[in-house]
Amino acid sequence: MSEPFAEMLTGGHPNSLGRTEEVVGIVVDDRTRLDELFACLESPDELVRMRAGDGLEKVCRQQEE
Numbered sequence: 001m002s003e004p005f006a007e008m009l010t011g012g013h014p015n016s017l018g019r020t021e022e023v024v025g026i027v028v029d030d031r032t033r034l035d036e037l038f039a040c041l042e043s044p045d046e047l048v049r050m051r052a053g054d055g056l057e058k059v060c061r062q063q064e065e
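Counted from 1, the sequence shown has number 14 at position 14 by this note's numbering; the numbering is strictly sequential.
Hints may contain errors.
Said to hold, decoys possible - Distance windows between CB atoms, simulated:
(1) L41 <-> G12: 15 to 21 Å
(2) Q63 <-> N15: 24 to 30 Å
(3) G11 <-> Q63: 16 to 22 Å
(4) S16 <-> L41: 23 to 29 Å
(5) L41 <-> Q62: 17 to 23 Å
(6) L41 <-> E3: 15 to 21 Å
(7) H13 <-> D35: 25 to 31 Å
(8) P44 <-> E3: 16 to 22 Å
(9) L41 <-> S2: 16 to 22 Å
(10) E42 <-> G11: 14 to 20 Å
(11) Q63 <-> H13: 27 to 33 Å
Hints were generated in silico from the structure; no laboratory data involved.
Built from N, CA and C at the ideal position, the CB exists for glycine as well.
Starting from the given sequences, assemble the full structure and let the hints guide the process.
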């Protein structure tokens, strides 16, 4: 089983995007995990919410290309 996105997006410096790019790559390769990323927008962790929002925006942009 792969690491949950909420765990991948938490921690680190508040001004950093942490592992957001890694999460984006996973979602682009496996669209079935998009709901998991979307659910991170409701996380009690503000870093997870911020990074999830950024990740969703990047996934959407890749779909436009």
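A quick look at each hint next to the structure:
no.	hint	result
1	L41 <-> G12: 15 to 21 Å	19 Å, holds
2	Q63 <-> N15: 24 to 30 Å	27 Å, holds
3	G11 <-> Q63: 16 to 22 Å	28 Å, violated
4	S16 <-> L41: 23 to 29 Å	19 Å, violated
5	L41 <-> Q62: 17 to 23 Å	18 Å, holds
6	L41 <-> E3: 15 to 21 Å	18 Å, holds
7	H13 <-> D35: 25 to 31 Å	28 Å, holds
8	P44 <-> E3: 16 to 22 Å	19 Å, holds
9	L41 <-> S2: 16 to 22 Å	20 Å, holds
10	E42 <-> G11: 14 to 20 Å	18 Å, holds
11	Q63 <-> H13: 27 to 33 Å	29 Å, holds
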